[in-house]
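Chains A and B, in that order, are what the protein sequence lines are.
Following the numbering used here, the numbering of the first sequence begins with 1 at its first residue and continues without gaps.
Following the numbering used here, the numbering of the second sequence begins with 1 at its first residue and continues without gaps.
Below, a list of computed lysine to any residue pairs in the SDA-like style, where the Cα atoms sit at most 25 Å apart: (1) 66(B) to 23(B); (2) 66(B) to 26(B); (3) 66(B) to 27(B); (4) 66(B) to 252(A); (5) 66(B) to 251(A); (6) 66(B) to 186(A); (7) 66(B) to 189(A); (8) 66(B) to 242(A); (9) 66(B) to 113(A); (10) 66(B) to 43(B); (11) 66(B) to 105(A); (12) 66(B) to 253(A); (13) 66(B) to 108(A); (14) 66(B) to 48(B); (15) 66(B) to 123(A); (16) 66(B) to 250(A); (17) 66(B) to 32(A); (18) 66(B) to 109(A); (19) 66(B) to 239(A); (20) 66(B) to 36(A).
Because the hints were derived from the structure by calculation, they are not lab data.
As the structure is a prediction and not an experimental result, all values here were calculated from the model.
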Amino acid sequence: MPRNAKGHRGHASSSNTSGPSCCAPRGDGRDGLTAALALLQRELRLSLRHGADTLAAVLFFVLAGALFPLAIGPAPETLGRIAPGIVWVCALLAALLPLDRLFGADYEDGSLDQIMLAGLPAGGVAGVKALAHWLGTGLPLLLAAGPLAVMLQLDPAAVPVLLAGLLPGTLALSLLGTLGAAVVLGARRGGVLLPLLVLPLAMPVLIFGAAAAEAAQSGLTPRPHLLLLLAVLAGALPLCPLAAGAALRGAVE
Amino acid sequence: MSPPPQPSQHRHGTAGLSAQGISAFRGERLVLRAVSFTVPPGGALLLLGANGSGKSTLLRVLAGLKRPDAGAVLWHGEAPDSWPVAYLGHQDAVKPGLTALENLAFAARTGRGAAREALAALDLLPLADLPARLLSAGQKRRLALARLVLSPVPIWLLDEPTLGLDAAAVARLGGTLAAHRAAGGIVVTATHLPLPLPDAAELHL
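Chain A on its own, in the form it takes in the complex (with noise of 0.2 Å):
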């Protein structure tokens, strides 16, 4: 029992803040949500510095978008009916990119090691990082897919029901990207399984994000569309970190 054991500890060290290394207890709810808050600042300042690769997501995102009016023309009323589609698709495929360092790197210079035994369960550790990844990567694809949508001539009308699905859309791939990443780590050539691994799962995110903005489009209700999405997201969220935590028990063993 983790009462008794804190209070030996306590005794141990009666003099606790005097000292140079004590022995105060920890593992309680707040010191879980103290290593979550962590966790998270230093995922975000990891990304500051390495801004390039925040970036390189972003500007890949813009620039596969900018090749469809090079491939196929510039004919506006071909281009505004399949510009939903290009921008899920090059979304979906912009925040792949980081993923194979999400864990990887912390993986290999002993970094997930430490983390692992911060305090935070390993389904909390998953949930922080999937948040920095779309704080570092969904995020900015947000903010980029607008102008990139009005670049492709779509309907101004359907801009923001385009945006509105992308916000479910991208946390939802933030979750499932987390959990192919997790569980890809330690293999060889992860970072080839990774995308075999993520992209089915990411289907439905897809199809009811893309048809959500062509429902805007051609004048019908995306409401049951952007449900459909938001029910992925609900799913997501619980069993995402769940079986991501699983995986990182798995990797660092």
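Given the structure of chain A, go ahead and fit chain B onto it with the hints provided.
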């Protein structure tokens, strides 16, 4: 420093860290076969043995990173929900893009110590604002050791802590370990080199 608690205070089992019949596979090979020991509060244990004898595996089991295939690790006679351990592996877990101080930020937030004091304890204060990629191998090792000083936990698990350290740094490490033990902490370390750990028990694997 207060004296370590008496074993008689504990109703179940023994005080401190104890391993009971730990066996563990590494791949297909059984590297740990029924290993048992007890380290009392304030005690230290040296893990000795040839390469591949399971020292690192045992440390990972004690850290709770690896589940033992048989046996149990107990803290004060019980298996706690979250292990009060700090672990220093072979790798330093130092991010090259962050400064020495920033590298400690995560440990400082989850622990309670002050990062600058921990750097001072390992003589790294002049390098605090230098990107870690400019540090030498020994300095990175010291930075990883500074993370231990920050952790407010009683059990320190060290995997070859003196790797790449010069004589002065090893002496400083000795002082740090002595202070930790004086506060009732436990040190378990795998090593091939002599360590400044007076009256440490030895376990040959």
